[in-house]
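As they're listed, the protein sequences go chains A and B. Under the numbering used here, residue 355 is the last one in the first sequence; the count climbs by one each step, no gaps. Under the numbering used here, residue 1381 is the last one in the second sequence; the count climbs by one each step, no gaps.
Since the hints were derived computationally from the structure, they do not count as laboratory data. Among the hints, erroneous ones may be present.
Unchecked claim - Straight-line alpha carbon distances no greater than 25 Å define the calculated SDA-like cross-link-like pairs of lysine to any residue that follow:
1) A:K153 - B:L1193
2) B:K1113 - A:S111
3) B:K1113 - B:K1319
4) B:K1107 - A:V347
5) B:K1113 - A:K29
6) A:K29 - A:S111
Said to hold, decoys possible - Derived list of chain A stretches under chain B, where covered just means 3 residues or more per stretch with a C-beta under 8 Å from a C-beta of chain B:
7) 70 to 77
8) 270 to 279
Using N, Cα and C, we set each Cβ at its ideal position, and we do this for glycine too.
So the chains spell out like this:
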Amino acid sequence: MNMISFPSRRSRGKVHAPTVTLAHGGGGKAMKDLIDDLFVGAFDNPLLAPLDDQARIDLSSLAQYGDRLAFTTDSFVVDPLIFPGGDIGKLAVCGTVNDLAVGGAVPLYLSCAVIIEEGVPMDFLRRIAQSMAVTAQEAGVTIVTGDTKVVNKGACDQMFITTTGVGVVAAGVELGAHRARPGDAVLVNGLLGDHGAAILGARGDMALRAPIESDCAPLQGLIARLLEAAPNTRFMRDATRGGIATVLNEIAEASQIAIEIDEAATPLRDEVRGFCEILGLDPLYLANEGKIVAIAPPDEAAAAVDAMRAHPLGRQAALIGHVTAGEPGRVAMRTIFGGRRIVDMLVGEQLPRIC
Amino acid sequence: MRYVDEFRDRAKADVLIKAIEQLLARMKRDETRPLQIMEVCGGHTHSIFRYGVEGMLPKSIELVHGPGCPVCVLPMGRVDDGVAIAERPEVIFATFGDAMRVPGSRKSLLQAKADGCDVRMVYSPMDALALARRNPEREVVFFGIGFETTMPSTALTVLQAEREGIENFSIFCNHITIVPTIKAILDSPDLRLDGFLGPGHVSMVIGDAPYEFIARYYKRPMVIAGFEPLDILQSIWMLLKQIDEGRCEIENQYTRVAAREGNSIALQAVARVYELREFFEWRGLGSIDHSGVKIRDAYGRFDAERKFAVPNARIADPKSCQCGEVLKGVIKPWQCKVFGRACTPETPLGALMVSSEGACAAYYQYGGVKRGRDEAEASVA
Chain A
1 MNMISFPSRR SRGKVHAPTV TLAHGGGGKA MKDLIDDLFV GAFDNPLLAP LDDQARIDLS
61 SLAQYGDRLA FTTDSFVVDP LIFPGGDIGK LAVCGTVNDL AVGGAVPLYL SCAVIIEEGV
121 PMDFLRRIAQ SMAVTAQEAG VTIVTGDTKV VNKGACDQMF ITTTGVGVVA AGVELGAHRA
181 RPGDAVLVNG LLGDHGAAIL GARGDMALRA PIESDCAPLQ GLIARLLEAA PNTRFMRDAT
241 RGGIATVLNE IAEASQIAIE IDEAATPLRD EVRGFCEILG LDPLYLANEG KIVAIAPPDE
301 AAAAVDAMRA HPLGRQAALI GHVTAGEPGR VAMRTIFGGR RIVDMLVGEQ LPRIC
Chain B
1001 MRYVDEFRDR AKADVLIKAI EQLLARMKRD ETRPLQIMEV CGGHTHSIFR YGVEGMLPKS
1061 IELVHGPGCP VCVLPMGRVD DGVAIAERPE VIFATFGDAM RVPGSRKSLL QAKADGCDVR
1121 MVYSPMDALA LARRNPEREV VFFGIGFETT MPSTALTVLQ AEREGIENFS IFCNHITIVP
1181 TIKAILDSPD LRLDGFLGPG HVSMVIGDAP YEFIARYYKR PMVIAGFEPL DILQSIWMLL
1241 KQIDEGRCEI ENQYTRVAAR EGNSIALQAV ARVYELREFF EWRGLGSIDH SGVKIRDAYG
1301 RFDAERKFAV PNARIADPKS CQCGEVLKGV IKPWQCKVFG RACTPETPLG ALMVSSEGAC
1361 AAYYQYGGVK RGRDEAEASV A
């Protein structure tokens, strides 16, 4: 594949065109100006600035953080691109940062590949680049390499972003979906379903306006506090697509244990509950972008909850259930009504019910 | 959340469960079999599974999950017709979300959308009319499905389109009516049901009177029930009380929403826009006389079936499907030969696996796949 990388001439270019055109992906001056002005300007850092074909990172600088490299990638195609509480740029940074952090890694470097549909307003692109820069700073990561492509109108929906992240896992941190044991506590760091509800609301096709903001946030700080307080935490996963129901099923399957959660203990915003009531959706399956499920051993559960609650992104952290020795792979919920039901993997997409 | 949490109160549930147990203990009944109560409406089925109501009830009560899921009972032939309309390049096909996954013989609307058809999910027929206003160069077709609950809103939308003179809007009408179907179930020779939970939202529109024949001629009691879990428990208790006292009546638990005489404005709109079809095909139940409605001649220009030629082919249910027996309470979902094997929510063969309101899908999703085995384990323990 012929990757177009940042050209290496050093005078910083400036974009004048009001919209992105195919010329901005053509490899010539227009592209250099776009990259210089929008991306290099926003992400400003010494590793990116030379615009070589790759960022080069000293191994010794990595080794100070731990003994294993963590490496992950994710693509972002959200609709709409700007939504209450965030935008595709913020999401693209948080998503990859969180994927590193839940593995116990300190997130350090990101790459950013952008596919842009011709005709996208330049100001819009600038806003997204700025948003990525601000979020990266908040997350303590540096965007050190990237790629830009412009495609014909209709070949993509305005803008797709792929970020790849590198982090380092400290010695002794061992997390895995297969490590849950009966008696372990199931924890979340706050109100569930905000992102999914915010996106559905923002699309406007539900004719429902709800004051719900996406929970999109980088969680490396919260997770570091959690691991300090509960060093024997078994596993963490960010509950993105498919919501916490999906994550719990994945853990139950991988560890060959059962999980029982308590509906009354599951933190939900009233607005999200109302949104789900009206549309016939189940909040357990709604996406989150700033929420994790953590499995902690019984003797560290309280400390883990306290540590999360002490962090701004974990104020409503809660113990929502336990790992049990029940039928392997099964996730059940004690309902607020006192009944019990299975929480299975979702089949396909959640669709609003007719009545 | 007000008006919701009150109806999910666990302490009140305990009181009702105790009352139900006491009633059962003193009732004279055939103890060799459970009392079979059918909840007619898919909304009830959904609530029962969502809150785990069934597991809270004494074992001597068996809930039979009825035919009242309009998405489930939509036959393949009608889905095919809908897809054929959606495939016309000028058409924007607007539908409720959960109808998108219903399999046709060729494809579902979800697949049609993936293949390039302009299929839009809407939450109300009025949203579809708004699409027609915004897209005057396109033909907007609304997939009208549902019982008397959704029938009036579709009718009112047709009347609104007429008032505004909107010509690029039509309804692909698949509205069905519940009463003939309850009658068909009651006429079935293998019927064992002891009573019914009546559909609360249908009753909000049609009132109590259309059910009178159930009590009078078939000697079965019915309680029109709300959809929150406490509504359902209270309705079961009311039904048991009728059985205990030897009464057969149409009672109403859902008085906060459903009035005895129904909703006259909704009924007028329904009468103005629709007329009964001679028969309508139901997935799982076959053809039932007078169980569907079509758009009257006076509003023919809003009828998608007249506007666009549709194939109108009858597609038979798969032979292995035992939905009919499940619907009548003859077998439980997991006793069906294909349940969880050939028939899953991903690849539904039968009506009841199609939507989350269908009994089989609810069992599959919320705790039925391994239910038989669980019960065996529980009895050993």
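Inset, instruction - For the pair supplied as a hint, A:K153 and B:L1193, confirm whether the alpha-carbon distance does not exceed 25 Å. - result: Violated: A:K153 and B:L1193 sit about 61 Å apart, past 25 Å.
Legend entry - Satisfaction of hint between B:K1319 and B:K1113, Cα-Cα up to 25 Å: Distance of about 29 Å is beyond 25 Å: violated.
Inset, instruction - With a C-beta cutoff of 8 Å, work out whether three or more residues of the segment 270 to 279 of chain A approach chain B closely enough for the coverage to hold. - result: Holds, because 5 residues of the segment 270 to 279 of chain A bring their Cβ atoms closer than 8 Å to Cβ atoms of chain B.
Inset, instruction - Verify the proposed pairing of B:K1107 with A:V347, using a straight-line Cα cut of 25 Å. - result: holds (17 Å)
Legend entry - Proximity test - 8 Å, beta-carbon atoms, the segment 70 to 77 of chain A to chain B, at least three hits: violated (count 0)
Legend entry - Restraint check for B:K1113 with A:S111, where alpha carbons must lie at most 25 Å apart: violated (34 Å)
Inset, instruction - Quickly compare the C-alpha distance for A:K29 and A:S111 to 25 Å and report which way the hint goes. - result: holds (22 Å)
Inset, instruction - Take a quick look at whether B:K1113 and A:K29 sit within 25 Å of each other, Cα to Cα. - result: violated (41 Å)
Figure legend: structure checked against the earlier numbered hints; hints not met, in rising order: 1, 2, 3, 5, 7.
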